[in-house]
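Chain order of the listed sequences is A and B. Counted from 1, the first sequence has number 296 at position 296 by the UniProt record's numbering; the numbering is strictly sequential. Counted from 1, the second sequence has number 416 at position 416 by the UniProt record's numbering; the numbering is strictly sequential.
Hints are computed from structural coordinates only; laboratory data are not their basis. Please note: incorrect hints may appear among the correct ones.
[To be verified] Among the chain A residues that face chain B by a calculated CB cut under 10 Å, a handful are: (1) Gln843; (2) Val918; (3) Gln932; (4) Ile972.
[Claimed, not checked] Coverage of chain A stretches by chain B, computed from C-beta distances (three or more under 8 Å per stretch; other residues unrestricted): (5) 235 to 241; (6) 921 to 927; (7) 946 to 955.
Beta carbons: idealized from backbone N, C-alpha and C, even for Gly.
Residue strings, one per chain:
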Amino acid sequence: MRLYGVTAEGHSAVVHVHGYDPYFYVQAPKEINENICQEIAETLNRRMAERVDSSKKTSNGQYIRYVEMEYKQTIWNYRQEDFVKFLKISTVWPQHVTTARSILENGIQISNLGTRTFLTYESNVVFVMRYMVDAGIVGANWITLPANQYLTRSNPNTTCQFEMDVMWQKLISHDPDGDWLKIAPLRILSFDIECAGRKGCFPEPDKDPVIQIANWVTIQGMDTPIVKNIFTLKSCAAISGAEVHSFEDESEMLQGWRDFVIACDPDILTGYNIVGFDIPYLMDRAKALKVASFPVLGRMKNSKTKIKKTTFSSAQMGTRETNEISIDGRVIFDVLQAIQREYKLHSYTLNSVCAKFLGEQKEDVHHSIISDLQNGDAESRRRLAVYCLKDAYLPQRLLDKLMFIYNYVEMARVTGVPIGWLLVRGQMLKVMSQLLRKARSKGLLLPNLKVESTDEKFEGAIVIEPKKGFYSDPIATLDFASLYPSIMMAHNLCYSTLVSKEDLRTNKFNFTPEQITVTPHGDTFVKPSVKKGILPEILDELLAARKRAKADLKKATDPIMKAVLDGRQLALKVSANSVYGFTGAQVGKLPCLEISSSVTAFGREMIELTKAKVEAHYTVANGYKHDSVVVYGDTDSVMIKFGENRERWMIDETMKLALSAADFVNTSFVKPIKLEFEKVYYPYLLMNKKRYAALLWTNPDKFDKMDCKGIETVRRDNCGLVRTMVDTCLKTILMQRDPNAAAEYVKGVIRDLLMNKVDISELIITKALHKSEEDSKSAQAHVVLAARMKERDPNTAPVLGDRVPYVIIKGPKGAKAFEKAEDPIFVLENNLPIDVQHYLDHQLSQPILRLFEPILDKPQSLLSGDHTRQISLSTPTTGGLMKFVKATKTCLGCRTPLKDERATVCEHCKPKEVLFKVAVRSIDNLNHMQTQFAKLWTQCQRCQGSLHMEVICTSRDCPIFYRRRKAHKDLIEAQKTAERFSLSW
Amino acid sequence: MDDEKLLYNECDIIFQLDRTDIDCDFSTKFVTQQKSLAAQYADVYYLRLMTLKHGLLDEARSKCKVYKPANRILDLEVGQKSMIVGTLLKVMKFRPNILDEFNKDVENISNESFKRNHYSSDDDYVIMEDESGRVNLRFPEDNNMARMLVTGVILAAYGQLGEDGTFQVDELQNPGLPPQIPTAGKMEGEPKIILVSGLELGNPDSDPLAVDMLVDYITGNLGGVETFQESAKVAKVIIAGSSCFFSSENRSSALYRKADPSQTRANQKETANPVRELDLLLTRLSSSVAVDILPGAGDPSNVFMPQQPFHNCLLPSANTYSSFRPTTNPCAKEEGVIIIGTSGQNVEDIQRCSEVEDPLDVMQNLLQWRHLAPTAPDTLPCFPVKDEDPFILPHCPHIFFAGNQKTFGSRTIDGEKGQKSLLVSVPSFSRTKTAVEVDVRTLTATPISFGTEAFHQD
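Please model the entire structure based on the sequences and the hints provided.
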């Protein structure tokens, strides 16, 4: 086994660890003795030799190192007896554990005892974790090799600066505390590649060359990069501040980059979507070009980078396909993966992520232009190189801005998992790691239970039926702090405290009622006085550590230390919350539905109890001004209205009442369960379950922010108009407390929509084009459209993986929705009419109804009425009847068709008065267009980072893109109109 | 219609004033011929750089031996004392970003930059860029050069490239005053030009009496014989922009998502009044004296600089006089003395983007930068020209004015090659009730106030 790392001085190091053998346990038969151990070892070894695949065959035919007796106890169910005998079975290779396990589970013949089957313990623990648990090492840990206890290799196998051999027990692992809290000076390489695709196709590695690779190397904790360079195919003009390495031959360039990676020796490889695209592409391309040594990117000499396609699924993330890439000794930290994990966003393109987190738009160069730039000269390739460098730089900025390194290092330390696993594996592993550590210290073993899917319906958290409405009184919110962890702690819920049904029936332990807790779900757990559970202990420690971290955070002054501590407290919180999920995951490592169901049952009971107590106590009868009402309750919070709207209810009064209510209710809960008063919502718009919006107050003087739950502003298949509308409505309702103004505003939006006054960029819906969909030719709007666009112009048509933006246009009567999708640019250029009714019915109406249901008696009235009567459509310039239409100039004053094509106005409008007005109007219009045009284009000129080069960005995610197009077109129109007055501008 | 115009002298019969005449043929320098929008703003910068770069390089070569002229920013070598020419880009955090208008968050609206009209701040930094690349400029600590600079100016920087990739500037060199064409011969009499700006007809706060007195003064209807004689010397009136005023509500037709569809019609009515008033005023003036009018901010003309002349149909009555000439903004007159002037948007924009406040300083800088509107297109809308940057000054004007300033001011500057130029800051009439009288022969400027509370003529 090898440990990779860096020294405090920043030198890379590898430690070869020796003497650690893989092992697992089985419960020993009662009759066990030395001889039987020996016999089991031999039998198992023999059976193994028959069973293992050729790839796992050892040369000497030895598979089992030893079988030993140890005294241990299972974590499963409460037991009174002391430690019992277990067999520790150690294998030669980690891969042998699975084979040995299945042999033992199926039963082996033992003389005198007959065939026995065994339940195995901890046989599903990954070897690396096994080692880390035993050696007390956590992820991102500092380790000391004591002097004279290690050997330095004279003949290194790796490219690290230090290479040592050591016995596994000799390492000293330091708890991340005090001086050992600091983060190692990790070397981070952020890179991005550009490929020259053929026209109309997404680049394919066996055909299309890699043309540039930009690199940005930084040391964790330092502001300025140590290396900025770019590898280019063919010459490239110099770039200030970055080295340019040009190659005439692509194989040489790939080879050059590989050599660079080895020489630069980064600990972390990062970039945007490098796992999904850049690394696999480079690997495949190197293979196509037969650059044999390219895949050796890791620190082990001769060890090739491996890519495995996997489907990754977890309760938190859902199922998605990813590549599992392993490069020896380097962590692959794909910023895209991290952001997908941590944030729920409308779009995950680098552009929109940057817009969101860095507040800047990113230039986006279309594939077709990339090839053109590459085929130009050294200057045009330089242009591309600058763009490519920026793409390598942005992931680094995101890494810094979002504190990913700090947060992930701390998460690795808290949960004890190597940092590289955090991005690619689920929550489960982290809990497992902690559980193993804790269990080990207690001599407890985790059984590897066969997963049985139960039919038991899992009852979720309770939701008190919301009393929908718009509350213009302050609503106090009481929250249970860390609800599920505190329930588990309060009631001592654990594997090791669960009394089995069997034991209860036989009354094996003779419990008195004081000794046990029967949960609302009907399961029995012993009280801490009998035996303290492991899970509560883990949680206890996590929450105590979090408290400490928060206290330290308050004291800390150094911004970096603050970042570390904040990352730590966050990691601790997330870890504590995931313990509950671990016990409830039915296909998990160690599910225990008794625990998870009991937790939720307790939660439900507590919410109901809170409601009952508050409503019974805070009444007029008890001397309060009003009867209190719980308007809504969800999982871990209760919303209470203490007052009626008869007089002006002050926020601070509500806060006082809420504080006292929290104390009052808390008396009936077991510690550490605690109901806390956190915030007041005022005003409060309660739309439905898990769907509300309010202003949040934590002090009576000023509200903190607008808090929205479950409101569809982030759904991707909504157009921008819906988002802006919902947003503005909420602000009008909550901040100006003027629901009528919001209703008027909505009417205005509908009117504008019907009058064709809404900017097209606000009507765009985007969907990604996936492989399966293209193949199946399924009738989805964006798929059909992509095919159509390909017919028009294969160069600019969206290719696989692209997001396809579209708008819905008016189609022939009875046309299917998917037939009416159209490319926004095509729509702009041809003046195609938008199907405004579709937008009204399918995009706007639902959110409007939901939003106004609690406010208006008849929210439907917003969708019809005066403001929906006027409809204006643009006249298309192509298609349908337009082929037979001859455009006639009309009078600018009254739109009467003109006989004289050169005239500006008709005879009736000729009088100076009218002409004059018409002229002023057209000038005003022209001015507006000119202002827009100038603002938009100068912004793009600034954004792209050069004044002297043309803007080539076609980022469709950028709100400017379509407006820019439109401004251009509108200005030309306005100019034409103005010219009819023979104006010279 | 031009052909039908009455000859200037023929219409000058009402008062029989013996007007001193100077030739007044404003050139077509700022008339935008191009209609196509195919070009991008990059071309504007490129043209500008190409036009001004060589002069600067040549000058530097002849002048200074210590610094090695670099042809391109990319050719700069670390540690080498060099001279480099490029376009400046000032990165201002308060420069409005149109993206913010789209992300209309409440947080954003309360954001400082949203309301702020002054973009320059201490956090700004300056980048120099040429066609090859860009480099950050660092100025000596005690020097506030950076505060005076704006985007779009072409300068030469002397200094050296540091290890960190920034260019440490020792000195900046601007192109300097352009060469001047000498005035053609001696001028007869004392020709005077009246400069006035910011009449803001239609502004409820402005004083109609003052405007009336101004017109009376020019037409010789004010005061006694002395005044009458003074008036007679006025050869020309130049109205430098912002002649009309529209309340902000009336301009909102373009605003996004306005609920009331009847709004636009009401607008037209409103718009008509100030322009109609202006037409009457111009008719009165033109009947007596030659009048040039520049469009300016708020006037019914295009927004893009250069603004094009008022259209015939807007000022139908004044247009019947050949003495009336709507001109472009900026305007230029290139015979006899050369007069160049603007309605002030260029100056105002530079004040906004830098820490230079005095309009005369700004104007002096403009002449030395040889450019009338460097901040176009960045913060001042302009046409994306592709053949020539019209704002480049090939010749140094004898009179250079900017309208709509806060106060009156004038300054005479002398160039190294004998250039002499009068800078005039023409105050906004509606705010100051002051016009400016310029003596073309002596190149002096005098303010004339028509304040009703303290009237004096000086």
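Checked hints:
no., hint, result
1, Gln843, "17 Å, violated"
2, Val918, "8 Å, holds"
3, Gln932, "8 Å, holds"
4, Ile972, "6 Å, holds"
5, 235 to 241, "holds (count 5)"
6, 921 to 927, "holds (count 6)"
7, 946 to 955, "holds (count 6)"
This entry does not satisfy hint 1, going by the numbered hints stated previously; all others are met.
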